[in-house]
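Participant: Mind docking these for me? Both chains are given alone in their own frames, and the hints should help you get the complex.
Residue numbers (this note's numbering), protein chains in the order written: chain A, 130 to 374; chain B, 7 to 229.
Derived by calculation from the structure, the hints in this document are not laboratory data.
Backbone N, C-alpha and C define an ideal beta-carbon position, used for all residues, glycine too.
A few of these clues could be false.
So, partial list: chain A residues that the calculated Cβ filter (under 8 Å) puts toward chain B [claimed, not checked]:
{"id": "1", "residue": "Val234"}
{"id": "2", "residue": "Phe237"}
{"id": "3", "residue": "Phe320"}
{"id": "4", "residue": "Ala321"}
{"id": "5", "residue": "Val340"}
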Amino acid sequence: MIEFTADVVTWLGENWDGKTGYLFRGWKTLQLAGSAVIAAAVIAIPLGAYFGHVRRGGLAASWIVNIGRALPSFGILALALPFTIRLARNTSLISSGLGFWPAFVALFALALPPIFTNTYTAVREVDPGTVEAARGMGVTEPRILTTIELPLAAPVIIAGLRISAVQAVATAPLAALVAYNGLGRYIIDGFAIRDNVTIFAGALLVALLAVLTELAFGRLERRVVPEGMQRGGERVTRPVEVTAT
Amino acid sequence: MTLAQASDAFFRWSWVFDHLDDIRDKVVEHLVLTGIALGVGFVISLLLALVALRFRVTYAPITWVTGALYTIPSLALFAFFVPITGFTILTAEIGLVSYTLLILIRNIVAGIDGVDPAVKEAARGMGYGRRRLFLEIELPLALPVIIAGIRIAAVTTIGLVTVTALIGQGGVGFFILSGLNRFFDTEIILGTALSVILAVAADVSLVLLERALTPWSRRRATL
Numbered sequence: 130m131i132e133f134t135a136d137v138v139t140w141l142g143e144n145w146d147g148k149t150g151y152l153f154r155g156w157k158t159l160q161l162a163g164s165a166v167i168a169a170a171v172i173a174i175p176l177g178a179y180f181g182h183v184r185r186g187g188l189a190a191s192w193i194v195n196i197g198r199a200l201p202s203f204g205i206l207a208l209a210l211p212f213t214i215r216l217a218r219n220t221s222l223i224s225s226g227l228g229f230w231p232a233f234v235a236l237f238a239l240a241l242p243p244i245f246t247n248t249y250t251a252v253r254e255v256d257p258g259t260v261e262a263a264r265g266m267g268v269t270e271p272r273i274l275t276t277i278e279l280p281l282a283a284p285v286i287i288a289g290l291r292i293s294a295v296q297a298v299a300t301a302p303l304a305a306l307v308a309y310n311g312l313g314r315y316i317i318d319g320f321a322i323r324d325n326v327t328i329f330a331g332a333l334l335v336a337l338l339a340v341l342t343e344l345a346f347g348r349l350e351r352r353v354v355p356e357g358m359q360r361g362g363e364r365v366t367r368p369v370e371v372t373a374t
Numbered sequence: 007m008t009l010a011q012a013s014d015a016f017f018r019w020s021w022v023f024d025h026l027d028d029i030r031d032k033v034v035e036h037l038v039l040t041g042i043a044l045g046v047g048f049v050i051s052l053l054l055a056l057v058a059l060r061f062r063v064t065y066a067p068i069t070w071v072t073g074a075l076y077t078i079p080s081l082a083l084f085a086f087f088v089p090i091t092g093f094t095i096l097t098a099e100i101g102l103v104s105y106t107l108l109i110l111i112r113n114i115v116a117g118i119d120g121v122d123p124a125v126k127e128a129a130r131g132m133g134y135g136r137r138r139l140f141l142e143i144e145l146p147l148a149l150p151v152i153i154a155g156i157r158i159a160a161v162t163t164i165g166l167v168t169v170t171a172l173i174g175q176g177g178v179g180f181f182i183l184s185g186l187n188r189f190f191d192t193e194i195i196l197g198t199a200l201s202v203i204l205a206v207a208a209d210v211s212l213v214l215l216e217r218a219l220t221p222w223s224r225r226r227a228t229l
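So here's chain B without its partners, still in its complex pose (with noise of 0.2 Å):
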């Protein structure tokens, strides 16, 4: 490809038809790499917010740090663990993790607190002990106020996911980055076409997971 080829169109459908393999693999890429982050964060945050709730006083502390690496730059926090742990995807998803806990925490706290306490109340008077308060009451409830939170985290993760490709990962953002090496517009639009895609499709997903997961509450989730 060569740059006076590359100035005819802004878009060829025909190379995108020539690459479909490719595409597909990288999409792959992109979604598995999405996926560990938030389910690793998910679990992370969990248990964080699980003791932030049990133990008020760590609740500061713990937003603190967590919004100290979400303030970090993707693209630095990438670069400082490339030194330890190189151009790999535990590098990626070292980075894409920490992203995702402070969004999480927040709501999974959130959601938890804003459980009515007259419903917590009747619970007890029913003789539910904390354990079964919890699963059985409390995390059905703040349900909604989670997955809003999954949402923002998942959203924001596969757009960050493109970064990924200068440490030699990065899914639909290796289009991206190559288009840019070879001043070729076809790739750099498809990369970033992909990506608003995958955020937007998996956005919807998580809307229907919501509903089928909390029929008692038609109202839908705001952000």
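Isolated chain A (complex conformation) (with noise of 0.2 Å):
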């Protein structure tokens, strides 16, 4: 057990550099999940808010939570392969089907459902009282959805940012299947070889990469609370809608 510990110590001081290096290899995971969450996020926020505006699609919301719950994250990855494979070899639009494309899209397609639920669900719950009042004051329809809807649903769509983060970050490492040079590598080739202080090290990395992600984003919550809402206004409840990845 000490022996151990030591080993996996000793690991972390001898494999931090380089292009097989963890440092290396943790800012590519955080890249491929950047991407594919920002990717996801361009495009459920602006669908999620004009839903949640118009307040229509609240089966279809149900609906993309099932169904983005059902589908396991490790399969949509294969199944991604199939896609980028063909594109390279018929297309010029990327050159390699392998490694970084995959993922992306594997990793973008799993990342819209919390993003577009959370974002229509909080713009949807906005009070009808406050929405009417600005109506009735003669705001556009435009301006209340940026002015008034979206500020007071931000922390709702923050949650979702971050929950579809965090399930990037943590699904990332199963790219390392298409040859993408992130931190599941560690794991994946340990398992290969079966070494131990690589396995654990690498489970230690990408665990660690998770939490930080998740403990980012939970401080980015609390501080985009509006103004007025921070002191003594109803405290903002965080959605149950969580994926394990």
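Facilitator: What follows is the structure, encoded as structure tokens:
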């Protein structure tokens, strides 16, 4: 036990730099997860905000949650591969069907549902009285959305981003299976050569990154609560829609 | 199977028909892995929820610890135990059980908390003791919320079982990994589709179970 711990510490001291070091691979993991979540947010936030504003599509939103939960992240990652390989072979859009692109496609697809449903629910649940008052004062619909509904919905939208980001960071290590050079490589390669120290150290790094992502978004969430609601106002409840990855 | 062959079509039904026995075995393995995880997870969750209900101060630390477990990526959680328990079903179950705890505990506590105080008061007035109050009043009335938790846990676990293919278990996840290693689309699609079908089937069965168990409420459970 003590010997094993010492081996892991030694490993962490020896494997931090270079293209196979954990600093580089950690950065690559963040790059992959970050770009997928940003791309998903660019699409899902406007869509969720629109449907929430017009107060339609509640059934579709609950279906998206259920489908999103039933989709196995591992399967989605594997499914992306045949598509990106064909895309690389038949077009010049992407240079390789392995590595970044299949992982990006999968993480992007997995990041969409939480961001969409949280944005939708948050905007829809803004007090109708507030919106009606603004409308009566002659505020235009787009401005109602951007100056009233979205700021009030911000904490829950950020919560959606947090769920997606943590899920993306958690799923990104699986991208090692499609030859992406992220942190998952230590675990997958470690499995292959049955190297317990590498497996354990890799798991430690992957878990650390996920926990840090969760904590960072938690801070952000508290910060975007509109000023008037920060003191005395009702506490913002965090939605329970979480998905293990 | 060569690369050239595999690139012809996305899905080959002939391969599926040739491997029906394998498919049945893996589906059974998937259900067994899921069943054990849910069963063990439920027993642990019920005990922890009872502790949390009896001693309120423990609820925050219990959800904090199970929440932390929930945040750890599945690949990492399985990997943590490989050095200790190896590529075994035990490693898979430790991870799978861990992920059910947060959902189940939260819903059991929320369900019991949600029981109308007036109903409890009435039961007490009729001479119900603590144990009978729990078993005959609180638990049945909390059932819809508890089953809602089991549904989420079941669907989540079925998806996570596929990841355990990497530690030599996996159920239908075996096909996904095998397809990935051989660039064989049929297996990838088959494994993913089976996982989704199992998840939906489990969800529907639990809804039916809930209706059978709570004949007094025909209201549909929400999530």
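Participant: What are the numbers of the hints that this structure violates, sorted from low to high?
Facilitator: Of the numbered hints, 1, 2, 4 do not hold.
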